[in-house]
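Visitor: Given the coordinates of chain A, assemble chain B onto it according to the supplied hints.
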Amino acid sequence: MRRVVVTGTGSISALGNTMSELIHSIENRVCGTKKMESWNQYKGLQSLVAAPAELPDVKIIPRKMRRSMGRMSLLANFAALEALESASIPKETISNNPRFGCVAGSTMGSAEALNDTFETMLPDHDLTLLKSMGFFKSISHTVAMNLAQYFRITGCVIANSAACASSLQALGTGFDLIRHNRQDIVLCGGAEELHPTVTGSFDILFATSTKYNQSPEKTPRPFDKNRDGLVCGEGAGILILEELEHAKKRGANILAEVIGYNTCGSGDHISHSDRRAMVQCMESALADAKIKPSDIDFVNAHATATLQGDNEEAVAIHTIFGNKTPVNSFKGYLGHTLGASGSIELSIVIDMMNNNVIYPTLNLDNVDEACNMINHVQTKLNRKIDFILKNCFAFGGINASIILKKYEGINE
Amino acid sequence: MSDQIDKMIYEVFEESFEIEKEQLVPEANIFEDLGLDSLDVVDLVVALQKKFNVEIRTDERIKEIRTLKDLGNFIIELQAEGLH
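Residue numbers (the working numbering), protein chains in the order written: chain A, 796 to 1207; chain B, 61 to 144.
Bound-form chain B, shown alone:
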């Protein structure tokens, strides 16, 4: 499941932020390595909501995300919560 989630997250970064495939590795920092800023995070949230059919706009955990791995873990958490 994690591989599939990573693939979908990477698609978001390619489609919404024009990030090259080679840069998309789990340890990539979305700000320092991939160049996103606070305005991009607004669009990242919108894109993730669409991609994973979740509502995360006001989820405080977003503020803690730094790497693509963090993001993958966050989505896994969300999906686990959805199962309960």
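Okay, chain A solo, but in the shape it has when bound:
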């Protein structure tokens, strides 16, 4: 099978509109969580915190391209622009290349657009004031569709929708498309947008953080004994995956190699995390990469700061890696960016791998006894990182794990 490398990364999130802003914020232990003052108007919404992003001037995207983009698609577009620039791929070289694809995901279409549609239609059951673009912003493949239209991508276009595993599945799908010789380059990732209905969906299930509305910077708290649930974030992460020889031929800067991936269902429960399925997912990814657990230098956990999810993941990681391999979560910095979390967080991991540094889990002050069986990173570590494993676990019992290897250039 062909080898697949990462040649570009781009992100937009609560911690800035570029990779360098994101990494700078993480180095400085910045938490992106804010109090959402306007959310007080919603009866029954207990969690009034979130990690919002700030969009750049959207008018740099021509109106006709922008009109079908809801907030999540705009976020994805900006992340993709950065990723392509980082990969030294000019936008005008993408079109008419059937070997250049796009795989991007989100939990659903734009929540804001869906909400606007219903607010327009339902009071009088009147469709006459519905605009043409509500559909294009709301459809589940809106992110992939808009990226493909804006960048004129004519290769394979696929939209993954598996909630919090969406963008990691997108990366895994892109990895498969390239290694099986269906595509040479794939723009991969995911996006998600904040909306009170999104936080509300978790809130009514008692999965959100509710005790830190007056001190938002203290939540979420992955693996901490005082964690009380997830905090929704928003943003987008886009990575450029490329076949190794293709990347070498054009002199691309290779950031990492993708060597293993797996996605699987738990077949057990729609919302409960399942350590057995998590173990299966990670073990299958290791088998795909043909490496041993002891080869992994660092695990980037999904860990959203829910009581049950963090506990299950800690147990699952311990089952495979024991108590020596360093483990962290980025949710304390970014909130849970849901469908975008896999690709945003993997971009950070790549930067860490190349700088041989592991950033700590933010807001992890006192490790919960139920999560204490693994090696939590609580202060910045400097050490050589050659192999990493990253997890994403989604509602619906859908799991995904990916494994990257540092690319050593001439030694490879």
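Possibly wrong hints are sitting among the right ones.
[What the hints assert, rightly or not] Within a straight-line C-alpha distance of at most 25 Å, the following computed SDA-like cross-link-like pairs (lysine to any residue) qualify:
1. A:Lys1043 x A:Ser883
2. B:Lys81 x B:Gly142
3. A:Lys926 x B:Arg121
4. B:Lys111 x A:Glu907
5. A:Lys1043 x A:Ser890
6. A:Lys854 x B:Leu94
7. A:Lys854 x B:Glu137
8. A:Lys926 x B:Glu92
9. B:Lys110 x A:Thr923
10. B:Lys110 x A:Phe913
11. B:Lys123 x A:Glu832
12. B:Lys129 x B:Val102
13. A:Lys1013 x A:Leu1000
14. A:Lys1006 x A:Glu832
15. A:Lys1020 x A:Gln1103
16. A:Lys926 x B:Met68
17. B:Lys110 x B:Gly132
[As the list claims (entries may be wrong)] A partial selection of chain A residues facing chain B, derived with a Cβ cut-off under 8 Å:
18. Arg858
19. Thr923
20. Ser927
21. Lys1087
Keep in mind that the hints were calculated from the coordinates and are not lab data.
Since this is a predicted model, take the numbers as computed values, not measurements.
From the three backbone atoms N, C-alpha and C, an ideal C-beta is built for every residue, glycine too.
Guide: Chain B in isolation, oriented as in the chain A frame:
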């Protein structure tokens, strides 16, 4: 009345389609000069309905409109019909 209608139509094009003021002249073709397409026409109808408090979604005359002047005349016709 026509000037006021033109002003309101131009506002729709500025607000909904980000068309520069200088491009908004009576003879401007809404497709060839202003760049609208069939999807934009759906939104143009919605915006005009709101602006002029009319219901025109299924009015066949919309299909004949090409210029801003045509559009102004259409609105004047609608308002005249409303007076009867």
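Visitor: Hints numbered earlier in the text: which of these fail when held up against the supplied structure?
Guide: 2, 7, 11 and 21
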